[in-house]
Amino acid sequence: MARRKYEHLVKPLSIATMPQMVLDGGGFKNTGNADSIYWLNGREHLEGLELNFSWGFYTGLGDWHSGMDPHIHPYPEALVFVGLDPNNVEYLGAEIDFCMGEELEVHTFDKPTVVIAPAGFPHCPLITKNVTNPIGFSFMIFSLGANPTTAWMGDSMTEQQKQLMTQARAGSKMSMESSFTEKRIKSTKDYFTHGHKYNHFFKPLKPFKTTLGNLTDQERAQVEKITAGGMKVGPGNSDNLVWMYGKDLEGMPLNFTWGFYKSPGVWHRGPGNSDGAHVHPTDEVLVFAGTDPSNINYLGAEISIDMGAEHERYVFDKPTVVICPKGVPHNPVIARYVDRPYAFFVICLSGEHETAYVD
Amino acid sequence: MAKRKYEHLVKPLSVGGTDMEVMKKLQGPKGAFANGPGNADKIVWLNGRDHLEGLELNFTWGFYSGLGDWHTGQDPHVHPYPECLVFVGLDSANLNYLGAEIEICLGEELETYSFNMPTVVSIPAGFPHCPLVTKSVWSPKGFGFYLASLGAVPETTWMGEGVSEATIKAMQEAAAKSGRKIAMKSNVGKRIKNKPTKATGKYAHLIKPLKDGMVTERGQMLKNKMTSEQRAQFNEMAKQGQILGPGNADHLTWMYGRDLAGLDINLTWGFYSKPGIWHRGIGAHVHPTAEVLVFAGLDPTNIDYLGAKLEIDMGVEHERYIFDKPTVVICPPGLPHLPLVTRWVDKPYAFYVICLSGEHETSRVD
Chain A
0 MARRKYEHLV KPLSIATMPQ MVLDGGGFKN TGNADSIYWL NGREHLEGLE
50 LNFSWGFYTG LGDWHSGMDP HIHPYPEALV FVGLDPNNVE YLGAEIDFCM
100 GEELEVHTFD KPTVVIAPAG FPHCPLITKN VTNPIGFSFM IFSLGANPTT
150 AWMGDSMTEQ QKQLMTQARA GSKMSMESSF TEKRIKSTKD YFTHGHKYNH
200 FFKPLKPFKT TLGNLTDQER AQVEKITAGG MKVGPGNSDN LVWMYGKDLE
250 GMPLNFTWGF YKSPGVWHRG PGNSDGAHVH PTDEVLVFAG TDPSNINYLG
300 AEISIDMGAE HERYVFDKPT VVICPKGVPH NPVIARYVDR PYAFFVICLS
350 GEHETAYVD
Chain F
0 MAKRKYEHLV KPLSVGGTDM EVMKKLQGPK GAFANGPGNA DKIVWLNGRD
50 HLEGLELNFT WGFYSGLGDW HTGQDPHVHP YPECLVFVGL DSANLNYLGA
100 EIEICLGEEL ETYSFNMPTV VSIPAGFPHC PLVTKSVWSP KGFGFYLASL
150 GAVPETTWMG EGVSEATIKA MQEAAAKSGR KIAMKSNVGK RIKNKPTKAT
200 GKYAHLIKPL KDGMVTERGQ MLKNKMTSEQ RAQFNEMAKQ GQILGPGNAD
250 HLTWMYGRDL AGLDINLTWG FYSKPGIWHR GIGAHVHPTA EVLVFAGLDP
300 TNIDYLGAKL EIDMGVEHER YIFDKPTVVI CPPGLPHLPL VTRWVDKPYA
350 FYVICLSGEH ETSRVD
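As you go down the protein sequences, you meet chains A and F in turn.
FYI, numbering that gives the first Met the number 0 numbers position 236 of the first sequence as 235, with every residue one higher than the one before it.
FYI, numbering that gives the first Met the number 0 numbers position 360 of the second sequence as 359, with every residue one higher than the one before it.
The shape of chain A in the complex, shown without the other chains (with noise of 0.2 Å):
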């Protein structure tokens, strides 16, 4: 089959699974970490973003890198947990702490919660306290930077989790490049402090409702922004979601969403015909991810998204991202059939959303 002019930038998330070595042995097992995960990195799979992000599933409890935090990055990101519940994305279904600073001030909350990490600001340990949901949570990075690149500090780590980082760098797909700072930090929970200065940097994901309910004044300004032009919400969109702006998240340039969909059809209505055909002046991905924690390749749904100014269409029923570079015409996007709800979030690389319906 002849190539097409956009399938550079529609992939299935599978191109970047874990190496299994690394989540058997490379310093997480037994641990809070993934179950299962991918993460993608614009250097090998996103065409050279800024971005690097990760979807997963958790069920463990303790410590997710034991004795290796605090750490640091070298670009600010954010780390988003969420629920599986499809009928509330208020509900979590576990208890996590997680430390931020040198001062390792602990936060501890049980609701969805976006956390923010500036560029070179010490994070974690992040421990799960408990987790209530039985079939787990997710957890999603966004972090903006093409190379996923991090310093470890804490004190604690093993010369067998060096090793396994950097020979799992070295030998497989492990795209992760470690380095170990000369500073160590104690990083026990005797070492863990309790205060408010940090408090800014965890914000609750709050549902942002499609549907005109009780809007807020600010609500209703961001949903007459989006549907200017005529635009209305088709059958196949999410009855909530959360979308979080620059603003809600200290400023980073970047601004999110996330939901479940349940429904088939087309995501968008209008305007004129477009069904939803736009284009962005910043970069974006959207991911399409399921919500069986027992198969992370399982979408539950078959879904079709029009790309370029042709309108070349692509088919996918497995968990899938697409790249919509700045000035890339994008949409519609249709559900053609559901058979369990999918989880779905954009990831675009500016602190507002700007779009330009196309057609």
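One should not assume that every hint holds.
[Unchecked claim] So, partial list: chain F residues that the calculated Cβ filter (under 10 Å) puts toward chain A: (1) 245; (2) 274; (3) 276; (4) 319; (5) 321; (6) 323.
[Unchecked claim] Below are the DSSO-like pairs computed for lysine-lysine, each with C-alpha atoms no more than 27 Å apart in a straight line: (7) 4(A) <-> 4(F); (8) 231(A) <-> 324(F); (9) 246(A) <-> 231(A); (10) 110(A) <-> 261(A); (11) 210(F) <-> 346(F); (12) 10(A) <-> 261(A); (13) 161(A) <-> 188(A); (14) 189(F) <-> 168(F); (15) 188(A) <-> 202(A); (16) 202(A) <-> 128(A); (17) 4(A) <-> 317(A); (18) 317(A) <-> 238(F); (19) 224(A) <-> 205(A); (20) 261(A) <-> 238(F); (21) 346(F) <-> 231(A); (22) 4(A) <-> 2(F); (23) 246(A) <-> 110(A); (24) 210(F) <-> 224(F); (25) 205(A) <-> 128(A); (26) 261(A) <-> 346(F); (27) 196(A) <-> 110(A).
[Unchecked claim] Going by beta-carbon spacing under 8 Å, a handful of chain A positions derived as facing chain F: (28) 234; (29) 235; (30) 263; (31) 268; (32) 274; (33) 312; (34) 333; (35) 335; (36) 336.
Read the hints as simulated data drawn from the structure, not as lab findings.
Yeah, the Cβ is synthetic: ideal placement off N, Cα and C, and Gly gets one too.
Model the placement of chain F on the given structure of chain A, informed by the hints.
Below, chain F without anything else, positioned relative to chain A:
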């Protein structure tokens, strides 16, 4: 925009629009054809010669609420081709509701048959039929009717006493003056002066309730109504992942040649209300015979309203066509078509297939 390869095969039903208000106001002679009080309030009538790429087919879709004869004084009549007259209700929750009582005369004896359920009447070529009288309408929306006639050019020979060569000519001249072309070729045949008679059952085999062909009810296939052969075929397709999608029918009936007096036709009638793909596990398919796919709205006040937006692929290239008005898709023999995806639905709509063969043979393309 560049011409697309299959755009001649996807047309709005409005290309066959007939303004019944204009027709009814035509100052023709007394008893002019097509103007009985029971005839359509609104109708589209497409034919093979003018609209359907030469298919040996002409068909209608219309809304009806008036009482009385459909062609006062002109009937009975015959056509040089066979046809099916399909009387349907407009209650999308119940395919077995017509909401009207209809009387139709069949044969030179004018045997009179009545029904008040959705019904198809099969008329062989050259067989005298009608008068057709709407006796009662109790649905507040009236009812719907479609004709599926197996000739590219609509042609009727009228045998009633109320029409003559002179009245036909005068009517056509009146229509021409009003700027309308009457697609029907009308002739006058031998006069039949019989009075309607009671049904003896001689022609009962030409009348079938649509419920006899029900294959889907409330979105579920009626497997218990399938023959063992159909059930085996269904199970085999399901094994390959070919199952109904969410956009498919809520209620659907399918009548084959064997149900339709052996005519070379099979046809469907169904109500649709949900978005999504119509068939899962299969892309395009193809038939060895021609068919048309007709998407029609159910709002009797606006025959140009569909209430949904759909996309359909045509050809091996999967050239996609999108429409939100009542539309006919012409599928010549061997031309791949589908998938069909409903993008959104505001109001339930109707869909029917008219396939020019007594059987419905389908082959998977991709």
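We went through each hint and held it up to the structure:
1. 245: Interface hint status for residue 245(F): holds (4 Å vs cutoff 10 Å).
2. 274: The hint holds - residue 274(F) has a Cβ within 10 Å of chain A, the shortest such distance being about 3 Å.
3. 276: Holds - the Cβ of residue 276(F) comes within 10 Å of chain A, reaching about 4 Å at its closest.
4. 319: Where the cut-off is 10 Å and the nearest Cβ of chain A is about 7 Å from residue 319(F), the hint holds.
5. 321: Residue 321(F) check passes; min Cβ-Cβ to chain A is 7 Å, inside 10 Å.
6. 323: Hint holds; residue 323(F) Cβ to chain A Cβ min 9 Å, cut 10 Å.
7. 4(A) <-> 4(F): Given that 27 Å is the threshold and the Cα spacing comes to 21 Å, the pair holds.
8. 231(A) <-> 324(F): holds (19 Å)
9. 246(A) <-> 231(A): holds (25 Å)
10. 110(A) <-> 261(A): Given pair residue 110(A), residue 261(A) holds - Cα atoms ~22 Å apart, limit 27 Å.
11. 210(F) <-> 346(F): It holds: about 23 Å lies between the C-alpha atoms, which stays within 27 Å.
12. 10(A) <-> 261(A): The hint holds at about 22 Å.
13. 161(A) <-> 188(A): holds (22 Å)
14. 189(F) <-> 168(F): Status holds; Cα separation ~18 Å.
15. 188(A) <-> 202(A): OK: residue 188(A) and residue 202(A) at ~23 Å, within 27 Å.
16. 202(A) <-> 128(A): holds (19 Å)
17. 4(A) <-> 317(A): holds (21 Å)
18. 317(A) <-> 238(F): holds (20 Å)
19. 224(A) <-> 205(A): holds (19 Å)
20. 261(A) <-> 238(F): It holds: about 25 Å lies between the C-alpha atoms, which stays within 27 Å.
21. 346(F) <-> 231(A): Distance of about 16 Å is within 27 Å: holds.
22. 4(A) <-> 2(F): Holds, at about 21 Å.
23. 246(A) <-> 110(A): holds (20 Å)
24. 210(F) <-> 224(F): Holds - the C-alpha atoms of residue 224(F) and residue 210(F) are around 11 Å apart, at most 27 Å.
25. 205(A) <-> 128(A): holds (23 Å)
26. 261(A) <-> 346(F): Within the cut-off at roughly 20 Å; holds.
27. 196(A) <-> 110(A): Holds - the C-alpha atoms of residue 110(A) and residue 196(A) are around 20 Å apart, at most 27 Å.
28. 234: holds (5 Å)
29. 235: holds (7 Å)
30. 263: holds (3 Å)
31. 268: holds (6 Å)
32. 274: With a minimum Cβ separation of about 7 Å from chain F (threshold 8 Å), the hint on residue 274(A) holds.
33. 312: holds (7 Å)
34. 333: Where the cut-off is 8 Å and the nearest Cβ of chain F is about 6 Å from residue 333(A), the hint holds.
35. 335: Hint holds; residue 335(A) Cβ to chain F Cβ min 4 Å, cut 8 Å.
36. 336: holds (5 Å)
In the structure shown, no violation is registered for any of the earlier numbered hints.
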